[in-house]
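> So the sequence shown is residues 1 to 285, counted in UniProt numbering.
Treat the hints with care, since some could be wrong.
[Unchecked claim] Straight-line Cα separation of at most 16 Å, EDC-like style, residue types lysine to aspartate or glutamate; simulated pairs: (1) Lys211 with Glu250; (2) Lys196 with Glu185; (3) Lys211 with Glu185.
[Stated by the list, open to error] The following label-pair restraints were derived from C-beta to C-beta distances: (4) Arg249 with Thr142: 41 to 51 Å; (5) Ser194 with Asp15: 44 to 54 Å; (6) His246 with Pro266: 17 to 27 Å; (7) Gly138 with Arg249: 40 to 50 Å.
Note that these hints are calculated values from the structure, not bench results. Nothing here was measured: the structure is a model prediction, and the numbers come from that model. All C-beta atoms, glycine included, are put in the ideal place defined by N, C-alpha and C.
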Amino acid sequence: MKPRSLQHGAAPRWDVVQPVRRVRPNGVSITGFRNQGAGAIDLPLIPYPAITVILECGDGSLTVNGGTDRSQRGSLVSGLHTGAMRMSGTNIECVEVRLSPVVAYRVLGVPLVEMAGGVVPADAVWGRAADRVRQQLGDAPTWDDRFAATEALLTRHGRDRPSVDREVAWAWDQLIVSRGGLRVEHLAESIGWSRKRLWSRFRSQIGLPPKHAVRLFRFSHAAQGLAAGDNAAQVAADCGFADQSHLHREVLAFTGMTPTSLAGAPELVLEDTTRAEGTFVQDPR
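Based on the provided sequences and hints, a complete structural model is requested.
Structure, rendered in structure tokens:
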């Protein structure tokens with residue numbers, strides 16, 4: 001597989017590699033990153049509706065400054081977040097995994113609400129298995145081998161663990177399909193739950209309250225539009241913001257950047273790999 005390169009300003013170039021074959025299970029995407037060049041990087045991490053796992057496999061250093069005002073070095077897990085975060089380091093080589101919260105609830109085996117808005121070390125989630133996969137990834141001769149080792153880790157830790165409630169999974173899928181364009185009251189009514197019950201179950205199993213998840217999806221849709229070069233006023237209208245000022249405030253809150261700055265750095269916005277497959281896309285009632 002041939003890596004593609006990304007460049008942000010004068011920062012060192014990134015080589016980006018993705019698996020040729022489709023990753024299993026659904027709701028999982030895996031990407032390899034290699035930071036080329038001697039200079040240090042310092043980049044914002046754009047919020048996305050997925051749990052992010054970063055597994056180091058090189059000799060460089062990687063640090064993420066999370067929304068909890070604490071920094072985390074090395075392999076880590078980042079919960080759903082709606083605030084600005086940054087990544088810094090030198091000579092970074094890593095495998096990044098993005099997990100739908102529906103999948104992450106089972107694979108990680110820890111309450112997602114405990115890591116919402118921040119980052120935790122990978123060994124706090126997987127224990128010594130995180131060190132073993134770090135060694136495997138470092139010894140692997142090819143990116144294909146690294147991706148296979150990562151999939152094996154996810155598969156192994158996803159066995160025999162509880163899944164999210166069927167109703168919660170369905171509600172998450174509806175947010176994917178609508179890109180955050182649904183009211184929480186509508187979701188609760190559709191599954192026959194009270195608003196309070198949906199709020200409680202959704203927050204504990206997904207990691208964010210439903211209304212915060214709606215904001216995250218809406219922002220992610222807007223970021224994709226801005227990165228594609230769409231007019232900010234049109235993006236605001238298409239994504240359900242009250243007006244362009246509302247869009248400006250949300251982008252600033254999520255990234256610490258203005259819409260103009262975000263539009264001028266499309267390489268910071270990850271490709272949209274959210275999939276509404278493999279969970280419960282039919283009404284669960």
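> Against each hint, give a clear statement of whether it holds in the structure.
Hints versus structure:
no.	hint	in the structure
1	Lys211 with Glu250	14 Å, holds
2	Lys196 with Glu185	10 Å, holds
3	Lys211 with Glu185	10 Å, holds
4	Arg249 with Thr142: 41 to 51 Å	45 Å, holds
5	Ser194 with Asp15: 44 to 54 Å	50 Å, holds
6	His246 with Pro266: 17 to 27 Å	22 Å, holds
7	Gly138 with Arg249: 40 to 50 Å	43 Å, holds
The earlier numbered hints are all upheld by this structure, with none contradicted.
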